[in-house]
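Q: When you get a sec, could you build the whole thing from the sequences and use the hints?
2 protein chains.
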Amino acid sequence: MKNEVLRFLREQEEYLSGEEISRRLGISRTAVWKQINTLKKEGYEIASQTRIGYRLISVPDRLYPEEIQKQLRTNLVGRNMIYRERVDSTNILARQTGETGFVDGTVILAEEQTAGKGRLGRVWHSPMGTGINMSLLLRPAIPVSDAAKITLLTGAAVARGLEEITGLKIGIKWPNDLQIQGKKVSGILTEIKADMDQIHYLIVGIGINVNEQDFPEELRETATSLHMEVGRQVSRIETAAVVLNHWEEIYQRFLTQGFTVVREEWKQYAVTLGKEVHVRTINETIHGQALDIDEDGLLLVQDEDHQIHRIMAGDVTLRT
Amino acid sequence: MKNEVLRFLREQEEYLSGEEISRRLGISRTAVWKQINTLKKEGYEIASQTRIGYRLISVPDRLYPEEIQKQLRTNLVGRNMIYRERVDSTNILARQTGETGFVDGTVILAEEQTAGKGRLGRVWHSPMGTGINMSLLLRPAIPVSDAAKITLLTGAAVARGLEEITGLKIGIKWPNDLQIQGKKVSGILTEIKADMDQIHYLIVGIGINVNEQDFPEELRETATSLHMEVGRQVSRIETAAVVLNHWEEIYQRFLTQGFTVVREEWKQYAVTLGKEVHVRTINETIHGQALDIDEDGLLLVQDEDHQIHRIMAGDVTLRT
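Chains as they are written, first to last, in this note's numbering: chain S, 325 to 644; chain L, 325 to 644.
Since the hints were made in silico from the structure, they are not lab data.
Treat each hint with caution, since some may be false.
The list makes no distinction among identical chains, and a pair is therefore deemed to hold if it is satisfied within one copy or across any two copies.
[Unchecked claim] DSBU-like, lysine-lysine: derived pairs with alpha carbons at most 30 Å apart:
1) K394 with K493
2) K493 with K508
3) K599 with K394
4) K508 with K394
5) K517 with K591
6) K358 with K599
A: In structure tokens:
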């Protein structure tokens, strides 16, 4: 009901009378007034004039599903959304949702995470109302070994989205760190639940620093936000929608045409390739030159003995 | 306390007085009597004679952890065990345990599964007290892409164990069907929870038909049990212990020496290789000759056009 009231207000440039809304929805004037109050509590600015009616002045920069969905051009992703003010992490909520049954392409959004995590268990800073914390919950018919490609694909989609929003050059450090001038602005954490035949569900967690104006001491040197880079507030709603639109476009291309096209797109953003790197893997540390990513999304690093290592997972530092 | 009483009874060839047990454990005679009754209820046959004491006559063929652990030579697997009379499935319980924290190498056992599953969601028949239903819960420091190798490794371990127990030839149909003369006697279902950097947990579900004497109509042509093949009752306790001992031995070899040795061992049991096969994968059906498994555990099938397909997951039927 609330969303219908909101829709009427949007469609109307001028004041819309409470009587008109009440008539169109077949509800009482009091019920209309209650819905208006709910919207105001959610941060919608609504002017009201006695005997004239209501008018929508502004929309809050909250990650409300209906606001993001208005800007989506997707068929799969984000058609179903779950929104929370605060969660431990959107990936954890996605896991719980994944265990109990879900609509393919469900997107989980939160204003704040109390236990947001990046790769390798690292803390992801996500205070109230400043960043985008979202998880995509998917059921793709791809082998387990393809899951890593989804991380790269997501990196390319987010990079493209953030370039569109900010006009700035975005770089990707393999596999999934998005940077602006060497500082981290977004991270991706892909999780799977699978057996050897099929993926039960796949979660793509995306964290984007949008309107942060400062970071805790220990992150100040390495992290940045869109606001800090462009010097103004950035709409989180628009950013989330743009990223999701690009995501679905690249994802569909991956499913229909395979990884090659995605790989080419990813490489346009790569800051790692051609560079001297240290790579810490589960078993060893490799020093060498990052050559390329291969057809499976693995990083190829050539060490001093000209041996080429195919790296599935690891932590990359650029040698300076 | 119950296990201490049991241990005393085991150590004693002759009757052991209630007074002696009571003294050694520092508990009352009534408490001893209660523990003896608990053991009897669990199926232990214990003779008691007034003024002489208690004597252990026989041990029930239940998958009691303490009985299996007596026969284990492992350092990792089965040092911690969870036992249930009845579960939906040991893999489901393993998942729940995996989410909440667990000891690496935990083994979950159940007498009966009400919702046992094989690969591709197929029902796994597991009535009360006849088969072995167990799940190994592990936290290996291996990449996600290595998980499929654990399935093959487990196949080799179970094959070796069942050959030791029965003296019969065991065959493996890629990837994980264990057969005696073409009839299925055991199946393996490997599940993982992971992100791209690390496996959060890995579950190896093992189902073995041990003392079944008949199967439902729809399975009669394709399934068999150890009992049906050797014509006598087989100890489930011993079978479980022997399988776990072989499992750990091969697993440690895999972790230290890599997949090559496991692959060679697996191939000794392979009934698929060299044969004409149909393979149904997620995307297509391939007809051809199964050539080999490669260094990643993938099945190599050469089709009529001499093209070689590397198959990660699929359902294999031998052409007859």
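Q: Checking against the hints above, which ones are violated?
A: 3, 6
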